[in-house]
Amino acid sequence: QQQVKQSPQSLIVQKGGISIINCAYENTAFDYFPWYQQFPGKGPALLIAIRPDVSEKKEGRFTISFNKSAKQFSLHIMDSQPGDSATYFCAASTLKQGAQKLVFGQGTRLTINP
Amino acid sequence: GAVVSQHPSWVICKSGTSVKIECRSLDFQATTMFWYRQFPKQSLMLMATSNEGSKATYEQGVEKDKFLINHASLTLSTLTVTSAHPEDSSFYICSARQYRGQQYFGPGTRLTVT
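From first to last, the protein sequence lines are chains A and B.
Quick note: the first sequence uses the numbering used here, first residue 653, plus one each step.
Quick note: the second sequence uses the numbering used here, first residue 890, plus one each step.
Mixed in with the good hints there might be a few duds.
As the list claims (entries may be wrong) - Taking lysine-lysine and the BS3-like style, the derived pairs with C-alpha atoms no more than 27 Å apart in a straight line are: (1) B:Lys953 / B:Lys930; (2) A:Lys657 / A:Lys723; (3) A:Lys657 / B:Lys930; (4) B:Lys930 / A:Lys723; (5) A:Lys709 / A:Lys667; (6) B:Lys930 / A:Lys753.
To be verified - Label pairs and their computed distance ranges (CB to CB): (7) B:Cys902 / A:Arg761: 28 to 38 Å; (8) B:Leu963 / A:Gly712: 30 to 40 Å; (9) A:Ser659 / B:Gln987: 27 to 37 Å; (10) B:Glu976 / A:Ala697: 26 to 36 Å; (11) B:Leu963 / A:Ala681: 25 to 35 Å; (12) B:Thr1001 / A:His728: 32 to 42 Å; (13) B:Tyr988 / A:Gly669: 39 to 49 Å; (14) A:Met730 / B:Cys902: 36 to 46 Å; (15) B:Glu948 / A:Thr680: 14 to 24 Å; (16) B:Asn959 / A:Met730: 39 to 49 Å; (17) B:Arg989 / A:Glu711: 16 to 26 Å; (18) A:Met730 / B:Thr906: 47 to 57 Å; (19) A:Arg703 / B:His974: 35 to 45 Å; (20) A:Thr680 / B:Glu976: 30 to 40 Å.
FYI, nobody ran anything at the bench for these hints, they're computed from the structure.
Note that beta-carbon positions come from the ideal geometry of N, C-alpha and C, so glycine has one too.
Model the full assembly from the supplied sequences, consistent with the hints where possible.
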């Protein structure tokens, strides 16, 4: 019940296209859903995060869509660029727990072709 | 933004020796620090959570006598891999969090045990 399932495992998108990565969770106690971007040999960096009281959050070219009833959330990258090529991880946490332990998805390796 | 550093960025050690990895929050006080392990092309797996001045809480399956964690100050946590073996070779990533704030990740430490 602590798992977060992420798909697809890998994704190739043409420059200028829309990249979509999906995640699903089981634990209804989760109330914080961040997305991280990781480049090879580097630590993950927070891209965007959402709380379950909203259905969508947009920051620049990055949008999170959240479906509470389906227990799913997704990352959309608009106008994808070669510099977006990286591994993306979704995660979930319960903010009520003081430590905020993050449960990560399996990761999606995104390649943007020029 | 908040910066978390790790030292060293990579280390090679011989089997049977111990190696210490440092994690520092450079511009904020971290009440909680986390240690993760990441194998190639895999997700981040939480190893342990540490709060300043108290003993670390280890995840199930993580040997606390092998992976010693010390969080002696609000800006420094250390992970010591004792009696390292080749199977301990991995990418170790720390993160730091202010009270009820988001987690900021370090750049990671590549450990190779020969």
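Going through the hints against the structure:
{"no.": "1", "hint": "B:Lys953 / B:Lys930", "in the structure": "holds, 25 Å"}
{"no.": "2", "hint": "A:Lys657 / A:Lys723", "in the structure": "holds, 11 Å"}
{"no.": "3", "hint": "A:Lys657 / B:Lys930", "in the structure": "holds, 16 Å"}
{"no.": "4", "hint": "B:Lys930 / A:Lys723", "in the structure": "holds, 26 Å"}
{"no.": "5", "hint": "A:Lys709 / A:Lys667", "in the structure": "holds, 23 Å"}
{"no.": "6", "hint": "B:Lys930 / A:Lys753", "in the structure": "holds, 21 Å"}
{"no.": "7", "hint": "B:Cys902 / A:Arg761: 28 to 38 Å", "in the structure": "holds, 29 Å"}
{"no.": "8", "hint": "B:Leu963 / A:Gly712: 30 to 40 Å", "in the structure": "holds, 33 Å"}
{"no.": "9", "hint": "A:Ser659 / B:Gln987: 27 to 37 Å", "in the structure": "holds, 33 Å"}
{"no.": "10", "hint": "B:Glu976 / A:Ala697: 26 to 36 Å", "in the structure": "holds, 28 Å"}
{"no.": "11", "hint": "B:Leu963 / A:Ala681: 25 to 35 Å", "in the structure": "holds, 28 Å"}
{"no.": "12", "hint": "B:Thr1001 / A:His728: 32 to 42 Å", "in the structure": "holds, 38 Å"}
{"no.": "13", "hint": "B:Tyr988 / A:Gly669: 39 to 49 Å", "in the structure": "holds, 41 Å"}
{"no.": "14", "hint": "A:Met730 / B:Cys902: 36 to 46 Å", "in the structure": "holds, 45 Å"}
{"no.": "15", "hint": "B:Glu948 / A:Thr680: 14 to 24 Å", "in the structure": "holds, 22 Å"}
{"no.": "16", "hint": "B:Asn959 / A:Met730: 39 to 49 Å", "in the structure": "holds, 44 Å"}
{"no.": "17", "hint": "B:Arg989 / A:Glu711: 16 to 26 Å", "in the structure": "holds, 21 Å"}
{"no.": "18", "hint": "A:Met730 / B:Thr906: 47 to 57 Å", "in the structure": "holds, 49 Å"}
{"no.": "19", "hint": "A:Arg703 / B:His974: 35 to 45 Å", "in the structure": "holds, 42 Å"}
{"no.": "20", "hint": "A:Thr680 / B:Glu976: 30 to 40 Å", "in the structure": "holds, 36 Å"}
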